[in-house]
Amino acid sequence: MRDLIFYTNPMSRGRIARWMLEEIAAPYETRLVDWTAKPDEFLAANPMAKVPTIVHNGQVVTETGAIIAYIAEAFPQAGLAPTAAERAADYRWMFFAAGPLEAATTNRSLGVDPTAEQQGMVGYGSLDRVVTALKSAVTASTYIAGDRFTAADVYVGSHISWGLQFGALPQSEDFDVYLARITGRPAAVRAREIDDALIASAGS
1 MRDLIFYTNP
11 MSRGRIARWM
21 LEEIAAPYET
31 RLVDWTAKPD
41 EFLAANPMAK
51 VPTIVHNGQV
61 VTETGAIIAY
71 IAEAFPQAGL
81 APTAAERAAD
91 YRWMFFAAGP
101 LEAATTNRSL
111 GVDPTAEQQG
121 MVGYGSLDRV
131 VTALKSAVTA
141 STYIAGDRFT
151 AADVYVGSHI
161 SWGLQFGALP
171 QSEDFDVYLA
181 RITGRPAAVR
191 AREIDDALIA
201 SAGS
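For what it's worth, UniProt numbering labels the leading residue of the sequence shown as 1, then goes sequentially.
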């Protein structure tokens, strides 16, 4: 058994965690989770029965953003954790993606559009405000936390890519330019190839 176990499904947010795992170039064991027959050891690790979930040296980490941040800190040799100078932007946009961005794009996908009266209650206000803030994040510097690629780019970039793919975010040159910087990374390409192959094998 490896020290790092990765519970995932290739048609899930597990793709984000896969990218991060490929970035650190450390050995890990993938355990695929079927939507209808979830293994007991997975349910024991994560009673929410959601993927991705990792178990590292016996410690369970759930929630995709937390997994990305944890891996960055647990494997410092990969150089993906923020420096002191990068930490403010890193924390800001990681939590922004996990909170306002996730909520706004999910609501849009579900056809939920808060009224002007409701916008003060939902936290993110409106999708337009979220998009404006997100554009400021991808244009303020080369990468999310500054001038180098960090774990925050894996997480925020994945949210942007998915939002564009499924129509929850509007097309934008700012987003396209930013994604062009990060999605061609060797680890990102490997991760997509692994998960795409798993999807293809399941359908054959």
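In short, the hints are calculated from the structure, not lab data. Yeah, the Cβ is synthetic: ideal placement off N, Cα and C, and Gly gets one too. Just so you know, not all the hints are guaranteed correct.
[What the hints assert, rightly or not] DMTMM-like cross-link-like pairs, simulated, lysine to aspartate or glutamate; straight-line CA separation at most 20 Å:
1. K135 <-> E117
2. K50 <-> E86
3. K38 <-> D195
4. K38 <-> E86
5. K135 <-> D195
[What the hints assert, rightly or not] Computed beta-carbon distance windows for the label pairs:
6. R129 <-> E173: 17 to 25 Å
7. E73 <-> W162: 37 to 45 Å
8. E41 <-> S172: 38 to 46 Å
9. Q119 <-> G203: 39 to 47 Å
10. D40 <-> G167: 22 to 30 Å
11. F95 <-> R181: 16 to 24 Å
Broken hints, by number: 1, 2, 4, 5, 7 and 10
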